[in-house]
Amino acid sequence: MYKKDGSNLVPVPSNAVIPERDINDMPALECKNLGITFGGLHAVENFNLTIGRTEIAGLIGPNGAGKTTVFNLLTNVYQPTTGTILLNGMDTHGMSTAQVSKAGIGRTFQNIRLFNNLTVEENIMVAMDNSMKYGLFDGLIRLPSFFREEKKAHQRALDLLHIFDMENVASHRAGSLPYGAQRRVEIVRALATDPKVLLLDEPAAGMNPSETADLMANIRKIRDTFQIAVVLIEHDMNLVMNVCEGLCVLNFGRIIAKGSPAEIQKNPTVIEAYLGKSHTNEGESQAAVDAAAEEKSEGSAPENTKETRKGGKKK
Amino acid sequence: MKRKNTNKYVSFALVIAAYAIMMVLISTGKITRSMQGMLVPISAYIVMAISLNLTVGILGELSLGHAGFMSMGAFTGTCAALMMLESVPNTGLRLGISMVIGAIFGGIAGFLIGIPVLRLKGDYLAIVTLAFGEIIKSIFNNLYLGFDKYGLHFQLLSEKGIKLEEGGRMLIQGAMGISKIKKISTFTAGFILIILTLFIVYHLVESRYGRAIMAIRDNRIAAESVGVDVTKYKMTAFVISAAMAGAAGALFAQNYSTITANKFDFNTSILILVLVVLGGLGNITGSIISATLLTILPEALRSFATYRMLVYAIVLIVVMLATNASSTKIMIDRLKARLGGNKEEEER
Ligand SMILES: Nc1ncnc2c1ncn2[C@@H]1O[C@H](COP(=O)(O)OP(=O)(O)O)[C@@H](O)[C@H]1O
Ligand SMILES: [Mg+2]
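Chains R and D, in that order, give the protein sequences. The numbers in numbering that gives the first Met the number 0 rise by one with no breaks, and the one at position 302 of the first sequence is 301. The numbers in numbering that gives the first Met the number 0 rise by one with no breaks, and the one at position 129 of the second sequence is 128.
No lab work stands behind these hints, which were simulated from the structure alone. Careful, some of the hints might be misleading.
Said to hold, decoys possible - To spell it out: a stretch of chain R is covered by chain D in this simulated footprint if at least three of its residues, at any positions, have a beta carbon under 8 Å from a beta carbon of chain D; those stretches are:
id, stretch
1, 37-43
2, 84-97
3, 106-119
To be verified - Here are some, though not all, of the chain D residues that point toward chain R, as calculated from beta-carbon distances under 10 Å:
id, residue
4, Tyr8
5, Phe11
6, Ile15
7, Ile194
8, Asn218
9, Ala222
Just so you know, even glycine gets a beta-carbon here, dropped at the ideal spot from N, CA and C.
Model the full structure from these sequences, guided by the hints.
Structure representation (structure tokens):
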């Protein structure tokens, strides 16, 4: 399944696997012994992961396993208690979240965080701020550089929106969009920072099946077009198994398995983590993992429906 | 974006129309003296409301000491004007320079407050600006400043130590404030300041700076995640807001022959905040309307004192409804759609 583009996963140092085609490149992301404790709780512990330069990787695990915390560590929202993060070989220790973004990590949030009162286009243009070359004064008195840069950014925002065929909502207020559309805008906004690594936190949550199918195709399209690495947290096993080349399973803050989707589906530890007991039959285990994931993801469901309603009403 | 653009034209049209009408009324003598005397304070309060709206409505930070920046501009600007009596005989030019100086000092005060506070996460600005307003009041209430050919002489608490040469004069006399001010402020100067303020605020909002500032207001964590330098943009908005208040202070003070620090107290800060809230957070046109109505009102109601508070309360409610109610909003939007071919219509 993961061999769709003819690439195999191959081992690299630090007990990890990346797609074969990325083997000669600097990994997009390398985590070494990453860990953080909140009070006494080891939210993430001994986290080692290598992501190939153009890999689509999945981070899965039950609710509360520490997946979102890993994203917050990668973006320096939290300072790790232990370990290092190398982004394209560069240690991001001590950087601010904004600096990490400039260095090349873009992300979306589990609970959508759009600039609700700005238009969709403005949301995306905020993310291009660092690449826009005009100063405060140029903007206030409207020098030619203002018009030139604004026009360029406007065009680029429309180009990026085209990935999801969303140019028609460019001038809509972001907060007024339905839930699924808001998730897509968040992805586009993250892409507008020109990331080397794109982190997606439950991108399909709250989407209907046809939206999810589109999303799957688009995640691949994004990787192919921009040649970047994508790491996604997702409970939708169908999406994960279809899109991801490598998977990393987290439980209670620890990695319990790494490998290709096929390997993960067969892994008894993983099945046990999801279900609390072992299954032997492969076909059954896929269904079991699916069912379990669905069950576990219910924890975040009320929040999602609330958001959906809110978005719906505004529209 | 279109929506903001039409709003912008409404604001400019409103101000220009009001100015034109007033000028006609003044030249035909159809306006009372007391009304004429209010034109400069109204202009100053409009600028105060717009500038505070930049901090509260657009940046999303609460400031409870906006009068402090006005005070800063009033005292520094007026002192500067008094020192320029001979060197700059043209009153218009002198007023202009004094407003620029007021703006610079207002901006510096904003910057100094911003450095420690705006880098913090959380609502510290409200407390610190509140303290700033009180501190600046105390300082000017206890400051004695004189000026002669050797330059400025200042002392705190009493003027005993200040000995001025022939031809020198006291500028600030503690709680007595500044007296014998040359009343050089004019309605036209106020009008120009409002237009300038609108120009700056709208151009800011429609530039990448304004976008980033509003992004921080809507979601700071997301703004950081896309590389927005939060402190820098907060600082930009706050300093511009404080500088505008400083300019308004210089204009306001030179409409009177005497000005004291107590004029710019906590009540004034709250009044300006009320103007902003009534006009609608982030709604510049609303700020202009509420500042105008609520500055005229107490004066206009003087003649029927019995019902004054009642009418005042009713007008407060009406202003609030008119600027914030969804029905009027829809009406205004329709109007705009007709005027500007607004695309956003289809969203509703
Ligand atoms: N800021 C925080 N302070 C304290 N505990 C936290 C914090 N963030 C996350 N946690 C805890 O860390 C664990 C992992 O949370 P999270 O990463 O959100 O899980 P997941 O995304 O896998 O569902 C949870 O037990 C959560 O309560
Ligand atoms: Mg999570």
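Now the hints, each set against the structure:
Using a Cβ-Cβ cut-off of 8 Å, 0 residues of the stretch 37-43 of chain R lie near chain D, which falls short of the minimum of three, so the contact claim is violated. Residues of the stretch 84-97 of chain R with a Cβ under 8 Å from some Cβ of chain D number 3, which satisfies the need for three, so the listed coverage holds. Note: the stretch 106-119 of chain R has 9 residues with beta-carbon separation from chain D under 8 Å; the three-residue rule is met and the coverage holds. Hint on D:Tyr8 is violated. Least Cβ distance to chain R is approximately 16 Å, over the 10 Å limit.
Here the hint on D:Phe11 is broken, as its CB sits about 15 Å from the closest CB of chain R, past 10 Å. Contact between D:Ile15 and chain R, as hinted, is not supported at the beta carbon level, the nearest pair being about 20 Å apart and thus beyond 10 Å. With its C-beta approaching chain R no nearer than about 14 Å, D:Ile194 sits outside the 10 Å limit, and its interface hint is violated. Annotation: D:Asn218 was flagged as interfacial toward chain R, and the flag holds, the nearest CB pair being 5 Å apart, inside 10 Å.
Satisfaction of the interface hint for D:Ala222 is found here, the shortest Cβ-Cβ separation to chain R being roughly 7 Å, below the 10 Å cut-off.
In the structure shown, a violation is registered for the earlier hints numbered 1, 4, 5, 6 and 7, in ascending order.
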